[in-house]
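S.K.: Residues per chain, in single letters:
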Amino acid sequence: GAGVSQSPSNKVTEKGKDVELRCDPISGHTALYWYRQRLGQGLEFLIYFQGNSAPDKSGLPSDRFSAERTGESVSTLTIQRTQQEDSAVYLCASSFRVNEKLFFGSGTQLSVL
Amino acid sequence: GQSLEQPSEVTAVEGAIVQINCTYQTSGFYGLSWYQQHDGGAPTFLSYNALDGLEETGRFSSFLSRSDSYGYLLLQELQMKDSASYFCVPGSGTYKYIFGTGTRLKVLA
Chain A
1 GAGVSQSPSN KVTEKGKDVE LRCDPISGHT ALYWYRQRLG QGLEFLIYFQ
51 GNSAPDKSGL PSDRFSAERT GESVSTLTIQ RTQQEDSAVY LCASSFRVNE
101 KLFFGSGTQL SVL
Chain B
114 GQSLEQPSEV TAVEGAIVQI NCTYQTSGFY GLSWYQQHDG GAPTFLSYNA
164 LDGLEETGRF SSFLSRSDSY GYLLLQELQM KDSASYFCVP GSGTYKYIFG
214 TGTRLKVLA
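Protein chains in written order, with the working numbering: chain A, 1 to 113; chain B, 114 to 222.
The hints are simulated quantities; they were obtained by calculation from the structure and are not laboratory data.
Wrong hints could be hidden among the right ones.
Stated by the list, open to error - Straight-line alpha carbon distances no greater than 20 angstroms define the calculated SDA-like cross-link-like pairs of lysine to any residue that follow: (1) A/LYS15 - A/GLN84; (2) B/LYS209 - A/LYS15; (3) A/LYS57 - A/VAL74; (4) B/LYS209 - A/LYS11; (5) A/LYS17 - A/SER53; (6) A/LYS57 - A/THR70; (7) A/LYS101 - B/PRO120; (8) A/LYS11 - A/PHE65; (9) A/LYS101 - B/VAL131; (10) A/LYS15 - A/LEU60; (11) B/LYS209 - A/SER53; (12) B/LYS209 - B/ALA125; (13) A/LYS101 - B/LEU117; (14) B/LYS209 - A/PHE96; (15) B/LYS209 - A/PHE45.
Stated by the list, open to error - Pair ranges (Cβ atoms, derived): (16) B/GLU127 - A/VAL12: 44 to 52 angstroms; (17) A/ASN52 - B/GLY154: 26 to 34 angstroms; (18) B/GLU118 - A/ASP56: 18 to 26 angstroms.
To be verified - Stretches of chain A that chain B covers, calculated by requiring three or more beta carbons in the stretch to come under 8 angstroms of a beta carbon on chain B: (19) 14-27; (20) 30-40; (21) 48-57; (22) 101-112.
Each residue gets a CB set at the ideal place from its N, CA and C atoms; glycine is no exception.
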């Protein structure tokens, strides 16, 4: 596609529910990144994929968070048993290769009530 | 380990010049990128320095000194639309691009 696409753009959920956030990177981009940004804060690195592999998962905040990527394309970030502190904008970015500039999607605003 | 320091906030008036400094400590460092993020928007790439020296892109310039682990972003002829957060992002061999908290630039009329 023309840019990085994220869906949904907004998600409101109840505490304890599971949510799935989707990212469609730019076609041909081999690297894909997930970040979390709480209101008024900086970007918190979560995980990155090189192809379909995630070399380093240490940025994921807890074992409630998981991510996968298939076909060197779409990625899904799953948050299980959501908590209020998970409320944030979740940003996805992709790059042609891991050491090149990042292109960001518009993000998913997650609100946990 | 890794560390990143930028001023949290900078204020300047329209038409002025402002410099946003960045010091970093990153294993496997190979270059420094700068990103801009307007409130409610996504970060966008501004510039990249792989070598020491100054890179100029229109009103924006970015500088890198690898020996000092230091860089800066220089914004000239400030405009109201430059009000945004600016992130310096060291490139590391781990490919974990750390954005940190960034610098919030306020441009006053």
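S.K.: Are the hints correct? Go through all of them and say.
M.R.: How the hints compare with the structure:
no.	hint	result
1	A/LYS15 - A/GLN84	holds (7 angstroms)
2	B/LYS209 - A/LYS15	violated (30 angstroms)
3	A/LYS57 - A/VAL74	holds (18 angstroms)
4	B/LYS209 - A/LYS11	violated (27 angstroms)
5	A/LYS17 - A/SER53	violated (27 angstroms)
6	A/LYS57 - A/THR70	holds (16 angstroms)
7	A/LYS101 - B/PRO120	violated (23 angstroms)
8	A/LYS11 - A/PHE65	holds (16 angstroms)
9	A/LYS101 - B/VAL131	violated (24 angstroms)
10	A/LYS15 - A/LEU60	holds (19 angstroms)
11	B/LYS209 - A/SER53	holds (14 angstroms)
12	B/LYS209 - B/ALA125	violated (32 angstroms)
13	A/LYS101 - B/LEU117	holds (19 angstroms)
14	B/LYS209 - A/PHE96	holds (15 angstroms)
15	B/LYS209 - A/PHE45	holds (7 angstroms)
16	B/GLU127 - A/VAL12: 44 to 52 angstroms	violated (39 angstroms)
17	A/ASN52 - B/GLY154: 26 to 34 angstroms	holds (29 angstroms)
18	B/GLU118 - A/ASP56: 18 to 26 angstroms	holds (23 angstroms)
19	14-27	violated (count 0)
20	30-40	holds (count 3)
21	48-57	holds (count 4)
22	101-112	holds (count 7)
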